[in-house]
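Listed here are the chains, written in short residue letters.
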Amino acid sequence: MIKGLRVDHRLLHGQVAFSWTSYLEADCILIANDGVMQDELKKMAIKMAKPQGVKLVIKSIDDSITALNSGVTDKYKLFVVVESVKDAYRLMTETKQFHNVVLGGTKATENTKSISKAVNLTSKEIDLVKDLIAKDYEVEIRMVPTEKKVLAKDVI
Amino acid sequence: MEEKIKQYIINLMEKEDFESCNVQNISQELHISKNQITLLLNKMCNQHILIKIKSKPFLFLEKEYLERTYHTEIKENEFDRYEELMILFNHNNQKDFEKLIGHDESMNQIVEKVKAIVSYPPHGLPTLLYGPTGTGKSFMAKLTYEYCKNTDLISKDAKFVQVNCSEYANNPELLTANLFGYKKGAFTGADKDNLGLLHYANGGVLFLDEVHCLKAECQEKLFLYMDQGIYHLVGDNDKWYQSKCRIIFATTEEPEKVLLKTLIRRIPVILKIPSLSQRGSNEKLELIYSLYKKEEKRINKKIKISSNVYQILLNHDFVGNIGELSNTIQASCVSALFNSKNDDLEIHTYDLPDNVVSSIDINRLVMKKHQMMNLDMLLPTSKQSIILEVYNELLSIKKNHNYYAEAKKKIDDYFSKIIFNKSDVARTKYFLETVNRIFEIVTSRYGFHLSHNELVAIANYILEYNSNTYHIINWINKNKEDIDELESFLQSKYHQEYIISKEIFEYLKDNFNNSIDKFVQFIILLCLVKYVNHENNDMTIAIILAHGYSTASSIADAVNRLLDKYIFDALDMPLDVDSNQITKKVNDFISHVGNVKKVYLLVDMGSLEEIYQGIENNNIDIALINNVNTKLALTVGQGIIQNQPMKELFDNIQKQDHYNVHIEMNYQKEPVILCSCASGMGTAHKLKNIVLDSLPEDIKMNVIAYDYHTLIKQHTSDDFLSDYKVVCVIGTLNPNIDDYHFIAIEDLILNEGFNKIKNYFEDYLNENQMLLFEKNIVKNFSLSNVINSLTILNPNKLLEHVSLGIDVLQQLMNKKFKNQTCFGLYVHICCLVERLVTKQPITAFADENFASEHAQFITLLKQAMENVENYYNVEIPVEEIEYIFEYIKND
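Sequences listed follow chains A and B, in order.
Using this note's numbering, you'd call the opening residue of the first sequence number 1 and step up by one each time.
Using this note's numbering, you'd call the opening residue of the second sequence number 1 and step up by one each time.
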């Protein structure tokens, strides 16, 4: 059962691990990312941020989609974390498991526009978000669970 | 009462009885108690009625009387020595050439000649001063002018006109115009008549400095003037002008090369001004003294110089002569003034310019602790000396078997005269201590010591010597042949004493004055004779002969010391010397020593036959042995001392000779950490950098990124790795190589893993270094993560601040966090600070009661993060502290 999908450019760090995992009551975290698979140091950083008593799985986007579709993940209360809106978009559109996504934090670059305090999106990503909203997915912006929920359609 | 005392002192002074102006005497004569008179006298000193001379006993002199008598204003009311007062008077009374240091010594002849030239009727003769830069040619010219005035050769209002020809080197016409004058309109810019320097110098002295810069045309123009005293202004060839002046030329260049023959012909006397080094150390000391005195007046502080500075200034060869010496002294005062903290100005070695300091070899100085000296220690004690009489007598004594007895008597006579010369206790003390040290160093090696009185005498003698250099240099140059003859006589007759005295002599040169002459050595040699044992020396000599710069001398020296006796002489041979030269050296040596019956020759290598066949005198027993070394020489030396027969001694040595051999392989391979990742070299390099940056600075350990597959394939046959001792492999996958420990990346950070690492590193890192390494690993690893997450702040700096904050927090909580927790906190707080700086804080509580329930933690964290908050000008809100608390709660 999917408990949540989150976009966070830092993937898993303590704050996400502690607050969101317990808020969502998840027992397994899936990091769906292509880059981390190549970088042992990054992988290790993620492993270190993992809360105790929770399973951690790191997979590439393709493998994640396959796993989600195959049903092997059904037995877990799953919290999925991706790095970018693009990755979230793929997971949401290529599996039928997700209804909503939380935009937690994306890095500001030259080409991004600030959507909220911690969320910065390129015009391409804004298009993807708009597309998701159009397809009736719920896209919300929230850094920590206790914050007020802000819907992306209200700010884009 | 005070008036009475003053009058009494004046009375004494009028009788020139200065010595009676002391407390004891005045108290007796005036029937006042000593205590009271002392009080009164000191009071009068403070009122500047009297001056005090701190000799023994203290003298009190009436100030106004002195000022009247010596026409000199006295500013101080205290003097350390009577001589100081006299110097003050003399200095002020000095007229023209008397101001010239050395006017009665090295400069004497020059001064006399100058006086004769300028006095030559009716208007003196032109003269040329020729000498290197900085020797005082301009000063000399100035003094000449003063002399002319003082002796009424020229009138009191006559002028001294100085022209530096080098200033006009690029514009000779201008010089001509300035010198001879010009008519209005003679050239562009000549807008009025100008009478020229010759006109101004009329009746006075014209000094043409750097005359070699004077162009030939201008020199020629001067001829007519020099011959007839008439000249034309430039631009007016009709009218003759007249002027009479004394011309002094000066040049640093050789006159014959730079001046027209016709000009030189017109200068009847060319005076060569000696360089500083030619003037002898006595005058140099006087110059140093007067230059420092000048600075003392200028900065109004009492100057003291260290004994090392004294020596350096005395021994350094100032190429720029007095000019350079003066600059050096001024520079030293400027440097010292900059560092000075009290009223005295102390000049130390480090105040001197570097090139000057390098002129002494600090390692040769025997007094490790230098001493501060008053300036007046620089002044010579006396100018009259009896030393030259002694030298003359030593030269004239017949060189036969009675020489020693007669010479020693002369020396003893001389010593007994100077040993009671206690005029200058402070200076004698310095010389005595140094002389003592030198003799101790050298003579203790040969097992004897000179008596204290003799050392005092030698110290006094050397002290005396310092003040006589100029005369002695002259005398020695005159008697060079006789002195050489005496030297070779002493060398052959007293061979050992010669060697020992030479050693002492070298030390003296290094520690006092490197221009000391050989006579000092001879006198020391003669003092040594009675201490050196001559029993069997006249028949047996032992020579060590070895190739190399000082191999033989080193062995001989060591063995002589071990034996406490002078047994071995050494002949050092250059590496390319051939056997003919060697035998020649040995022959020369034997004939030099003379009267030899037995020779032991210890050589390092080469053909023994060639050497002994080459030895000339058939009447000598020769024992030769090769493969000389310290132990062998020691055995031979002991045999010689015990008078063992040659054959027996060498037979024994031959029997004993064998080598002990022991080999130990101790070469240590350099330790290396290999970073190797199955996922490729990219991660391996990153890992390597983290490990390398984390090792404590003083640890010499190589860290290398290494390809994982290469490692598996050829670990045993890899040449590259065979040079190293592999401490461990750090990486993602264990290559499973038996000899290599493996550390997985996780283990680096996770506490449990790190304990394993400690075992592998225990040979290389101590406990503290290990702790530092562990902490750095966490920090650097965090840094690699932080870098990617931050956009505006400098990650290095931020992490530095944060990690210090976390250290404080751990101390405050009295708890050590796990590495994972530290890592999490580092990364989190770094990101947090950036969020705060960019104004994106979290504003919602997870638990409404956090603030009240964990007030203590909030206080501690605030305290720990105080610096971070201040530095980045942010405030961590309580809502954020709640999230930080989550990390620590889960620790």
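Accuracy of the hints is not assured; some may be wrong.
What the hints assert, rightly or not - 25 angstroms max Cα-Cα, derived SDA-like pairs, lysine to any residue:
id, chain 1, residue 1, chain 2, residue 2
1, A, K117, B, F850
2, A, K113, B, F850
3, B, K647, B, H685
4, A, K59, B, P841
5, A, K107, B, M605
6, A, K149, B, E464
7, A, K107, B, L790
8, A, K117, B, L733
9, A, K50, B, M605
10, A, K117, B, L836
11, A, K149, B, I699
12, A, K148, B, M605
13, A, K148, B, S784
14, A, K148, B, T838
By construction, these hints were calculated from the structure, which means they are not laboratory data.
Outcome of the hint check:
no. : hint              : in the structure
1   : A:K117 <-> B:F850 : holds (24 angstroms)
2   : A:K113 <-> B:F850 : violated (35 angstroms)
3   : B:K647 <-> B:H685 : violated (74 angstroms)
4   : A:K59 <-> B:P841  : violated (31 angstroms)
5   : A:K107 <-> B:M605 : violated (81 angstroms)
6   : A:K149 <-> B:E464 : violated (103 angstroms)
7   : A:K107 <-> B:L790 : holds (8 angstroms)
8   : A:K117 <-> B:L733 : violated (41 angstroms)
9   : A:K50 <-> B:M605  : violated (78 angstroms)
10  : A:K117 <-> B:L836 : holds (11 angstroms)
11  : A:K149 <-> B:I699 : violated (53 angstroms)
12  : A:K148 <-> B:M605 : violated (98 angstroms)
13  : A:K148 <-> B:S784 : violated (32 angstroms)
14  : A:K148 <-> B:T838 : holds (20 angstroms)
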